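Engineer: Could you slot chain B onto chain A? The hints should help.
Here are the chains, one letter per residue:
Number of protein chains: 2
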Amino acid sequence: MKLDPSKKILIVGLGLLGGSYARALKKKGYTVNAITKDESSVAYALENGLIDHGTTAVDADLIAEADLIVFALYPHVFVEWIKEHGPLIKSGTVLTDVTGVKGCIVYEIQSLLPEGVEFIAAHPMAGREVYGVENSDDSIFDGANYLVVPTEKNTFGAIELCESLGEELGFADVSRLSPERHDEMIAFLSQLTHCIAVSLMCACDDPAIERYTGDSFRDLTRIANINDDMWSELFLSNQKALLEQMDLYRTAFDRLYNCVKSGDREEMRSMMRLSTARRKKFVKKG
Amino acid sequence: MKLDPSKKILIVGLGLLGGSYARALKKKGYTVNAITKDESSVAYALENGLIDHGTTAVDADLIAEADLIVFALYPHVFVEWIKEHGPLIKSGTVLTDVTGVKGCIVYEIQSLLPEGVEFIAAHPMAGREVYGVENSDDSIFDGANYLVVPTEKNTFGAIELCESLGEELGFADVSRLSPERHDEMIAFLSQLTHCIAVSLMCACDDPAIERYTGDSFRDLTRIANINDDMWSELFLSNQKALLEQMDLYRTAFDRLYNCVKSGDREEMRSMMRLSTARRKKFVKKG
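Sequence lines, in order, name chains A and B. Under my numbering, think of the first position of the first sequence as 74, with each following residue one higher. Under my numbering, think of the first position of the second sequence as 74, with each following residue one higher.
Excised from the complex, chain A in its bound form:
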């Protein structure tokens, strides 16, 4: 079951990601509707041709006519929404999401849904450090990775549909992994990097550093400009996996610290060579 433009898509939550999904899917000829909390987001999306219909009300008709519903909400808002409005979703509808943590919500959402409604979790590894539909931009998907996160409850058809959504959105690579594996990967690749950037910015209160800064510091701290409401929720929703990755990273950092302290240049160089060899594999596609 692949996605094709005969399918009607409903996006719940027109922020940066929801808006970018709408932008990409409208370009491909899909019917895209939206339900979101702010009237101004609906107005912007309609004026700029990102959606066909939009409303701030939870419109039963828009929900009923959707083949695929994409939830682009904070984790706890997503769960609350399903608890309250899940019964409006008709059998045969597929649900997916963009949430950055999986284990703590996927099983709960799946247990809350009406018979015949299937939720297949996904995580688009793309974003910007700005928010809102006004900043949406489907070019953020170019060369990026799209993760599909099925459980044993998911059908082959829904997984295939979700994978084809990733392709239609323009992601360079679509892969599939379990919620537990996802949360471990994301703890390392995304949450830990944000922890590092925040810690670095908090470590020095000297205002003069701005005049002496180079590109390495700017690149490393780009994500230190962080939405504290969202990220504190993501960190605590993935607490165990994040603490494990923080521990592993700290062990490596301490090893390097000890090399500097003891003057062990050879060990330091061997870490740098390992780092260089591994980093060469991460050149962005596309």
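Don't read these hints as lab results, they were simulated from the structure. Hints may contain errors.
As the list claims (entries may be wrong) - Quick list of simulated restraints, FRET-style, between CB atoms:
#, chain 1, residue 1, chain 2, residue 2, range
1, B, 303, A, 210, 35 to 41 angstroms
2, A, 253, B, 354, 51 to 57 angstroms
3, B, 248, A, 122, 43 to 49 angstroms
4, A, 327, B, 350, 36 to 42 angstroms
5, B, 282, A, 215, 19 to 25 angstroms
6, B, 212, A, 302, 37 to 43 angstroms
7, A, 355, B, 181, 38 to 44 angstroms
8, A, 327, B, 354, 29 to 35 angstroms
9, B, 153, A, 284, 30 to 36 angstroms
Stated by the list, open to error - No farther apart than 30 angstroms at their CA atoms in a straight line, the calculated lysine-lysine pairs in the DSS-like style are these:
#, chain 1, residue 1, chain 2, residue 2
10, B, 99, A, 334
11, A, 334, B, 334
12, A, 353, B, 110
13, A, 313, B, 110
14, B, 156, A, 334
Stated by the list, open to error - Over 12 angstroms on every C-beta distance to chain A, these chain B residues come out as not near it, computed from the model:
#, residue
15, 77
16, 99
17, 102
18, 111
19, 128
20, 131
21, 279
22, 281
23, 336
24, 343
What you are looking at is a predicted structure, and each value in this text was computed from that prediction instead of being measured. In this text, a Cβ means the ideal position worked out from N, Cα and C, and glycines have one as well.
Structural biologist: Leaving out everything else, chain B in the frame of chain A:
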């Protein structure tokens, strides 16, 4: 005493930075000569119009006719060069450099020079993760910071000359600080960031992460592709300042770790808000 195109400039060491200096200065109409160790670098620079004359020999005439000599060498190579060839430099010549550490070499170089030859240290906060004159690119100076690092031995004229070099090269901001302050700043802004990137790459040996990687991880680890020969020398040349900054960073990281562990969301959010406010000051000029 400002730099103007009547001045002859000699670059010692035609690598990425030396080559980028040559490229920028030739565009401004300066006579640029070079002494470097590889014949192929001389050939490339001549073919591409980066220099007027170049040689792999330490040519006494090129040294004697230079008004300003820029050393773009590893710290220990720079010191060795001055010990061996310093006596060839004629009185009235100004020397500068691009070295990433200062305290450990500035005083030594100044003490080794013949009467009337002045060394004024500088650090261009620009670079790329590739090497060699073939990769030189003067656009790396756009919007970047140039640091002039005088000691009490420096004259006003030489400091002004060095500052005008930074302006001629196209840097967005030229500032002045002591060797000790420089080394503290650079330990935090440059060396610590490289330590973080290397540690992060060494912390996980799972080859699958490549398929799940997002932009935040790519940006943060760009500098994990590191020249181990050069950076191990820079780290150990600035050992004390680097260990201090690693300690400060580690304290901030541990504070965040404890927030995640104890579930202290308010403290976590206050660190994120501080981080965001500080990071907003680092938007690149230009």
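Engineer: Against this structure, judge whether each hint is valid.
Structural biologist: Hints versus structure:
1. B:303 - A:210: 35 to 41 angstroms: Distance hint for residue 303 (chain B), residue 210 (chain A) holds at roughly 37 angstroms.
2. A:253 - B:354: 51 to 57 angstroms: 39 angstroms, violated
3. B:248 - A:122: 43 to 49 angstroms: Because 48 angstroms falls inside the window, the suggested range holds.
4. A:327 - B:350: 36 to 42 angstroms: Taking Cβ atoms as reference, residue 327 (chain A) and residue 350 (chain B) lie about 29 angstroms apart, which means the hint is violated.
5. B:282 - A:215: 19 to 25 angstroms: 20 angstroms, holds
6. B:212 - A:302: 37 to 43 angstroms: 38 angstroms, holds
7. A:355 - B:181: 38 to 44 angstroms: Given range 38 to 44 angstroms: holds, Cβ gap about 39 angstroms.
8. A:327 - B:354: 29 to 35 angstroms: Given about 30 angstroms between the Cβ atoms, the range holds.
9. B:153 - A:284: 30 to 36 angstroms: 32 angstroms, holds
10. B:99 - A:334: 43 angstroms, violated
11. A:334 - B:334: 29 angstroms, holds
12. A:353 - B:110: 28 angstroms, holds
13. A:313 - B:110: Roughly 53 angstroms separates the two Cα atoms, so the pair is violated.
14. B:156 - A:334: Holds - the C-alpha atoms of residue 334 (chain A) and residue 156 (chain B) are around 29 angstroms apart, at most 30 angstroms.
15. 77: 26 angstroms, holds
16. 99: 24 angstroms, holds
17. 102: Label holds. Min Cβ-Cβ 28 angstroms, cutoff 12 angstroms.
18. 111: 22 angstroms, holds
19. 128: 32 angstroms, holds
20. 131: The assertion about residue 131 (chain B) holds, with a minimum of 28 angstroms to chain A.
21. 279: The assertion about residue 279 (chain B) is violated, with a minimum of 8 angstroms to chain A.
22. 281: 8 angstroms, violated
23. 336: 6 angstroms, violated
24. 343: The claim breaks: residue 343 (chain B) does not keep its Cβ more than 12 angstroms from every Cβ of chain A (closest is about 8 angstroms).
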